[in-house]
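Residue numbers (this note's numbering), protein chains in the order written: chain S, 585 to 959; chain V, 344 to 630.
Misleading hints may appear alongside valid ones.
[As the list claims (entries may be wrong)] Covered by chain S, per the in silico footprint, the following chain V stretches (three or more residues, Cβ under 8 Å):
#	stretch
1	529-535
2	539-550
3	558-569
Hints listed in this document are in silico derivations from the structure and should not be mistaken for laboratory results. Note that the coordinates shown come from a computational prediction; the quantities given were computed from them, not determined experimentally. Using N, Cα and C, we set each Cβ at its ideal position, and we do this for glycine too.
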Amino acid sequence: MSSLSIRNARKVYPNGTEVLKGINIDIADGQFLILVGGSGSGKSTLLNMIAGLEDISSGEIAIGNRVVNKLPPKDRDIAMVFQSYALYPSMTVRENIAFGLGVKKVPKAEQEATVKRVAETLQITHLLDRRPAQLSGGQRQRVAMGRALARKPSLFLFDEPLSNLDAKLRVEMRAEIKLMHQRLGTTIVYVTHDQIEAMTLGDRIAVMKDGVVQQFGSPQEIYDNPLNMFVAGFIGSPSMNFLRGKLLAHGAGSAFALEHAGEATLLPLPSSHASLAAWHDKEVVLGIRPEYVTDTVSARRSQTPDGYQPTEVDCTVEMAEPTGPDTLVFSWFNGTRITCRTHPRAAAMPGQTMTLAFDLSKAVLFDPATEQRLT
Amino acid sequence: MNSAKILSPGRLFLYVLLLLFALYYITPLYVMLSTSFKTLDEIRSGNLLSMPHEWSGAAWDKAWSSACTGVTCAGLQPFFWNSIKMAVPSVLISTFIGAVNGYVFAHWRFRASEAVFTALLVGCFIPFQVVILPMAGVLGKLGLANTTTGLVFVHVVYGIAFTTLFFRNYYISVPEELIKAARIDGAGFFLIFWKIILPISLPIFMVSIIWQFTQIWNDFLFGVVFAGGQSQPVTVGLNNLVNTSTGVKEYNVDMAAAIIAALPTLFVYMVAGRYFVRGLTAGAVKG
């Protein structure tokens, strides 16, 4: 059990490329930290640095208040699960799980007890005498987790552990990892490029891009209050809609103005929004999630107490994607393709006109130049 | 597939051509074998391609233990054992060093590792003749001139470039994550090599052993230059045997001796050959 704190960690390669530009992350004991980002964001490099597989160019990484910069991986009290599982091909499952214990010179009897305990936890007892080549993807995944569990680490590291599994198994294993975390309460750092994994698993998410943490917070914080357009677009599926327009004074508050179908259209912002007087008459980007652009029936059902009403606009439907519980409607608005989440029965057919309700109570505004959130 | 059943003219031509090539390659071996079992009289009177009328092992016996190679007449036997004593350690040592080298170049890169590897690669292209003089000097300084140990040293040095290349290209296909996982499990450089890398290296070991054994066993130049009278390999012995004439040219003995000299490489191919192609291509397709 231990906390993890990364203070101003940088990674510079000998040829001068700066992969990590000063990372600061603190998580408490038992928290589940997600490092999420696209390829080249530096998330895997950071994980390798926590593991001790790569040097830290400058800054500090501390596991449980112990600075580990100079410690080799084996002395950091960590275990790691890899994307390719990295099971030792010539060893049986039993030998794979016990390998680390053997290196540590743990007595044979204790090794066997550990293997037994781990195998029972993960329900792989019947596989103990097989070799990795004889296992399915999901089974290999379990063995890789078993090998990590056997070390009884104070910090678990996961490097995209579910990427090689098919969709159904991925969802199952995701739930199992979460259950395992709830049961063991061990601190976990988990790297993924999948924002759904990030949202569902994490206590804390660090969204990374170009070697910089764009935002660090709880999943809900990041979902509701993205600090910039990258985070807003990266987290959430389908992605947030971005509309370009002008912010105007409207009554006591503000309204978002744009052109739609050749007509000036005004979307008033609810009074709960901060005063944005400084931005009046300037170009801004409005970010609105698909679930807040919906059919009128669903929208009217969720009216806010302060009397704010979603603005209704007629749009032409381009395409509809039924997902079951709701249907995603793709439509054109202000020359931009927007995604709307509607009730299946309310969705119009492609080519038809549909009245869409824009609920701006959870909308966010960005500076088009810096792409940062307006405050 | 319908076309497979019909023997089209093109197919027929292909098979005939292949058959001809196969015959072309097998004929010398056939002639050698049949001649080695004939008596001298039969060789003189008979057809080159005919089977022996009466099978005689006398030529083999003589080639092995009593044919004259220069002034001594003890057959190929002593040379054969010299070659074994020289080839086995050379092959094993160069292969093992190549394995460690390849492991380093694939998974433990250091600052100048690419440059060092390139330099080693150049070693594959250096012709034997170029190194003879400097090598003779080195062996003399080391006090290894004219000894089996010296010859082993030469073959090991010369072989490392090839074996390193083989192993490096094979190990590059071993996922990096495997090494990382083992490092986190607490294993060090050699423990990872012994417990994780070596057990999956059989195919490439076979490639390296076949290659090195063929090269070293069949080497004549280094053998004739660096080996003293008592440590000359079988290739030199065969040369001496064939060139020593005592009036009549004993073709049957020459043939038997040549086959004896070639048997060990044939044997290695038969035992390890099925791994050869697999090992050579494994790195390419695994990705």
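Checked hints:
Counting residues of the stretch 529-535 of chain V whose CB lies closer than 8 Å to any CB of chain S gives 3, which reaches the minimum of 3, so the coverage claim holds. For a cut-off of 8 Å, the count of residues in the stretch 539-550 of chain V with a CB near a CB of chain S stands at 3, and the three-residue condition holds. Requiring three or more residues with a Cβ within less than 8 Å of a Cβ of chain S, the coverage given for the stretch 558-569 of chain V is violated, as only 0 such residues are present.
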